[in-house]
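The chain contents come next:
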Amino acid sequence: MKKSLFFGTLAAASALAGFASADTLADIKARGELLCGTNTGLTGFAAPDANGVYQGFDVAVCKAIAAAVLGDATKVRYVPTTGETRFTALASGEVDLLVRNSTWTFTRDTDLKFDFVAVNYYDGQGFMVKKDLGVSSAKELDGATVCIQTGTTTELNLADFFKANNISYTPVNVADDSEAQRQYVAGACDAYTTDASGLAATRATLPDAENHIILPEIISKEPLGPVVRHGDNNWGDIVRWTFYALVAAEELGITSANVNEIGTSTVNPEIRRILGTEGDMGAMMGLDAEWAKRAIAANGNYGEIFAANIGESTPIGLARGLNAQWTQGGLMYAPPFR
Amino acid sequence: MAYAGGVPKPGFRPSMLIYDTRYRSLTIQLIVLVLFAFGVSWLINNVIVNLAAKDRTFDYGFLWNRAGYDINQTLIPYTNDSTHGRALFVGLVNTLVVAALGCFLATVLGVIIGVLRLSQNWLIGRLMTVYVEVFRNIPLLLWILLSFVILTETTPSPRDFRVTDEMIAAGQAPAARMFLNDSVAITNRGMNVPAPLFRRSLGMAGIGEFQISLNFLAIFAVIGASAIVNRRMVRRARAIQEETGVRPVTWWKSLLLLFVPVIALLLALGFHLEYPRMTRFNFSGGIEVLHSFTALLVALVLYTAAFIAEIVRAGIMAIPRGQTEAAFALGLRPGRTMNLIILPQALRVIIPPLISQYLNLTKNTSLAIAVSYMDLRGTLGGVTLNQTGKELESMLLMMLIYLTISLMISSVMNIYNAAVGLKER
Numbered sequence: 001m002k003k004s005l006f007f008g009t010l011a012a013a014s015a016l017a018g019f020a021s022a023d024t025l026a027d028i029k030a031r032g033e034l035l036c037g038t039n040t041g042l043t044g045f046a047a048p049d050a051n052g053v054y055q056g057f058d059v060a061v062c063k064a065i066a067a068a069v070l071g072d073a074t075k076v077r078y079v080p081t082t083g084e085t086r087f088t089a090l091a092s093g094e095v096d097l098l099v100r101n102s103t104w105t106f107t108r109d110t111d112l113k114f115d116f117v118a119v120n121y122y123d124g125q126g127f128m129v130k131k132d133l134g135v136s137s138a139k140e141l142d143g144a145t146v147c148i149q150t151g152t153t154t155e156l157n158l159a160d161f162f163k164a165n166n167i168s169y170t171p172v173n174v175a176d177d178s179e180a181q182r183q184y185v186a187g188a189c190d191a192y193t194t195d196a197s198g199l200a201a202t203r204a205t206l207p208d209a210e211n212h213i214i215l216p217e218i219i220s221k222e223p224l225g226p227v228v229r230h231g232d233n234n235w236g237d238i239v240r241w242t243f244y245a246l247v248a249a250e251e252l253g254i255t256s257a258n259v260n261e262i263g264t265s266t267v268n269p270e271i272r273r274i275l276g277t278e279g280d281m282g283a284m285m286g287l288d289a290e291w292a293k294r295a296i297a298a299n300g301n302y303g304e305i306f307a308a309n310i311g312e313s314t315p316i317g318l319a320r321g322l323n324a325q326w327t328q329g330g331l332m333y334a335p336p337f338r
Numbered sequence: 001m002a003y004a005g006g007v008p009k010p011g012f013r014p015s016m017l018i019y020d021t022r023y024r025s026l027t028i029q030l031i032v033l034v035l036f037a038f039g040v041s042w043l044i045n046n047v048i049v050n051l052a053a054k055d056r057t058f059d060y061g062f063l064w065n066r067a068g069y070d071i072n073q074t075l076i077p078y079t080n081d082s083t084h085g086r087a088l089f090v091g092l093v094n095t096l097v098v099a100a101l102g103c104f105l106a107t108v109l110g111v112i113i114g115v116l117r118l119s120q121n122w123l124i125g126r127l128m129t130v131y132v133e134v135f136r137n138i139p140l141l142l143w144i145l146l147s148f149v150i151l152t153e154t155t156p157s158p159r160d161f162r163v164t165d166e167m168i169a170a171g172q173a174p175a176a177r178m179f180l181n182d183s184v185a186i187t188n189r190g191m192n193v194p195a196p197l198f199r200r201s202l203g204m205a206g207i208g209e210f211q212i213s214l215n216f217l218a219i220f221a222v223i224g225a226s227a228i229v230n231r232r233m234v235r236r237a238r239a240i241q242e243e244t245g246v247r248p249v250t251w252w253k254s255l256l257l258l259f260v261p262v263i264a265l266l267l268a269l270g271f272h273l274e275y276p277r278m279t280r281f282n283f284s285g286g287i288e289v290l291h292s293f294t295a296l297l298v299a300l301v302l303y304t305a306a307f308i309a310e311i312v313r314a315g316i317m318a319i320p321r322g323q324t325e326a327a328f329a330l331g332l333r334p335g336r337t338m339n340l341i342i343l344p345q346a347l348r349v350i351i352p353p354l355i356s357q358y359l360n361l362t363k364n365t366s367l368a369i370a371v372s373y374m375d376l377r378g379t380l381g382g383v384t385l386n387q388t389g390k391e392l393e394s395m396l397l398m399m400l401i402y403l404t405i406s407l408m409i410s411s412v413m414n415i416y417n418a419a420v421g422l423k424e425r
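Protein chains in written order, with our numbering: chain A, 1 to 338; chain B, 1 to 425.
Hints listed in this document are in silico derivations from the structure and should not be mistaken for laboratory results. Remember, predicted model here, so these are calculated numbers, not experimental data. Please note that the accuracy of each hint is not assured.
Unchecked claim - Pairs of lysine to aspartate or glutamate residues, derived as EDC-like cross-links and limited to a Cα-Cα distance of at most 20 Å, are as follows: (1) K113(A) to E391(B); (2) K131(A) to E217(A); (3) K163(A) to E274(B).
Said to hold, decoys possible - With beta-carbon atoms standing in for the labels, derived distance ranges: (4) A307(A) to L197(B): 41 to 49 Å; (5) L51(B) to N51(A): 54 to 62 Å; (6) D160(B) to A319(A): 33 to 41 Å; (7) E140(A) to D160(B): 46 to 54 Å; (8) D49(A) to L123(B): 49 to 57 Å.
Stated by the list, open to error - Sample of chain B residues lacking proximity to chain A, with all beta carbon distances greater than 10 Å (derived): (9) R56; (10) I71; (11) N72; (12) F104; (13) T294; (14) P334.
C-beta: ideal position from N, C-alpha, C; glycine also.
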């Protein structure tokens, strides 16, 4: 009995490991479907809408990649993952890529054998508190109870921040975002901490959003982006350049409205190269010439995706800030398509 | 003798391995063993190959690295500078505390309910039936979540306890009050109770990282010694009673023996209580019993007690009715019949299935993460696993630890089972 339990686990572990294959692109084409690891539900980034269809800023990246690879933005199966299960799901081949507000860190990139191929949102960890608590700075949180989602970089940042400021706190490690929200709303913790974008998304879903404030301190750098496994560099390139095609499209003025005609009407060679009217860049990654055109047509360029899902006109209301184009003082900078 | 030539010569032929019933079972067992060994080696090889393919190693070095995260309930000293191995022990202690308290309370409650379920009183009997059916037929996780939600949603927030200068000026009372002469506060985070402190502490003793308070050790030693002396005195009183028929008055001697030494020791150590005080966000000082702990414990106890009650009832019903009738015929009242005649015999039936309930309860503590209680699954199998990415190592180690705990519980219970078993002389 004891033995069979032990070996059963080994069997399960090895069976999972057996799925990971070296040629992700061929697997996806054979399957006819992209497996995209997403958040279980973070409004604006990845959450099912009223019809049960996943929508959001991270989901748009999945759609663009599905459009580029399979020619159909709807051919994505979204695999909801928690903070704890996401990397196991990716490592075991349960998903082809992970677009789940995952922070690019040294150990995840090296020790966990993943590749963070791009950054789709530059974020930082913040705190949300109830307004009537009378707190205006995170440094005033001495002795407070803080809710954290377990299995994230935020746990470590939080410990470091309180230590650096020589103040104390009581952590409440919560398994998922919705339970953390419930505990925060019920008052079981004074503050809720996660990435500032996540806080804004959470705040937008609260019935009394005006009674909650996000404190000004940003205590960490959280570059969030799509992640793939080590070992399949071509697949990594496809994810990276599909994302950069969206960023370059914003910079070059390619939008979902003009993507079908601008390729032939413009004289700008870079636009022509991206959209496949000139040369054949797709072939270098094992895709066809119009991969980027389809990716941009799926949800528009990076700026359009941002505005539609989390921008200032949405309930989440995030400013572009660091995520503006480099020409606008932000960090979004697509390498040249050449 | 004439038939001797007809008897086949005894000897061994390979076909006998299959056709001779003396050897057949051996052959089959050998084949199965070889297949099993093949299966096992294939699995192990598969793990090694896949780990190598993913460029991952299998080692436990991470247990000596800095953990970097904080834990809200630490019964042994721990900071975020401690190692992952230390975090493992913090989680293990948290698991063991819930398991030990849970087993004890579930047994007490289960025995009471099991006995009451057989009560002649119609109402009590039916009520206990309802209890058993309700608790054992709803998944444990739901009970854990329910008790946690009740505890966190119905209790006041710590801010409700605060008294500001304006409130004093306006003669207003705070929204919530502490209990028991301002010593116990129940908030939506936990229960704050006074902490025992010693002015003239004896300090700590132990090996390396594992320290134990000498104060508590001394107190337990004195209580134990008092109890032994008291028992001896009671035994002597009984001997005198059996000899002379007159029982010496012992109650005041018992009181003196049991309480005076402990009180004297506490005074010598300078025992005092530290009361919880309201600070900026939370109560500080005293001991905070987190609701996650209470909710987990309550749910585990209520759930497991339902099963134990059924085991106790089965044990009692296994004792022939004649035993009760004989006890009544001797003039014993129902309570004494139960305690002196029925339960001691029923224990022999009760203990073996009770062991598996203890094992279940211990393993069920791993649902703790649902209410954010940092047990072994929360530290080693949760945060450590995630921060280090060592899934296989963490999971195997965690399984090994649970296995060890379970085997220890069953061996201790087996010893007890042998002790209460039928003694044949």
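Since P334(B) was said not to touch the interface, does its Cβ keep a gap of more than 10 Å from each Cβ of chain A? holds (42 Å)
If you draw a straight line from the CA of K163(A) to the CA of E274(B), is it 20 Å or shorter? violated (26 Å)
Outcome of range test on Cβ distance (D49(A), L123(B); 49 to 57 Å): Hint holds: Cβ distance 53 Å, inside 49 to 57 Å.
E140(A) versus D160(B) beta-carbon gap, inside 46 to 54 Å or not: violated (20 Å)
At the C-beta level, are L51(B) and N51(A) separated by a distance inside 54 to 62 Å? violated (42 Å)
Confirm or reject the claim that A307(A) and L197(B) have a C-beta distance inside 41 to 49 Å. violated (60 Å)
Was R56(B) rightly flagged as not at the interface, with every chain A Cβ beyond 10 Å? Not fine: 6 Å to the nearest Cβ puts R56(B) too close to chain A.
State, for the Cβ atoms of D160(B) and A319(A), whether the hinted interval 33 to 41 Å holds or is violated. holds (36 Å)
Mind checking the alpha carbons of K131(A) and E217(A) for me, to see if they're no more than 20 Å apart? holds (16 Å)
Minimum Cβ distance from F104(B) to chain A greater than 10 Å, as the annotation requires: holds (26 Å)
Would I71(B) pass as off the interface with chain A, using Cβ distances and a cut of 10 Å? Not fine: 7 Å to the nearest Cβ puts I71(B) too close to chain A.
Non-interface claim for T294(B) versus chain A (Cβ beyond 10 Å): holds (13 Å)
Checked against the numbered hints above, the structure breaks hints 3, 4, 5, 7, 9, 10 and 11 and satisfies the rest.
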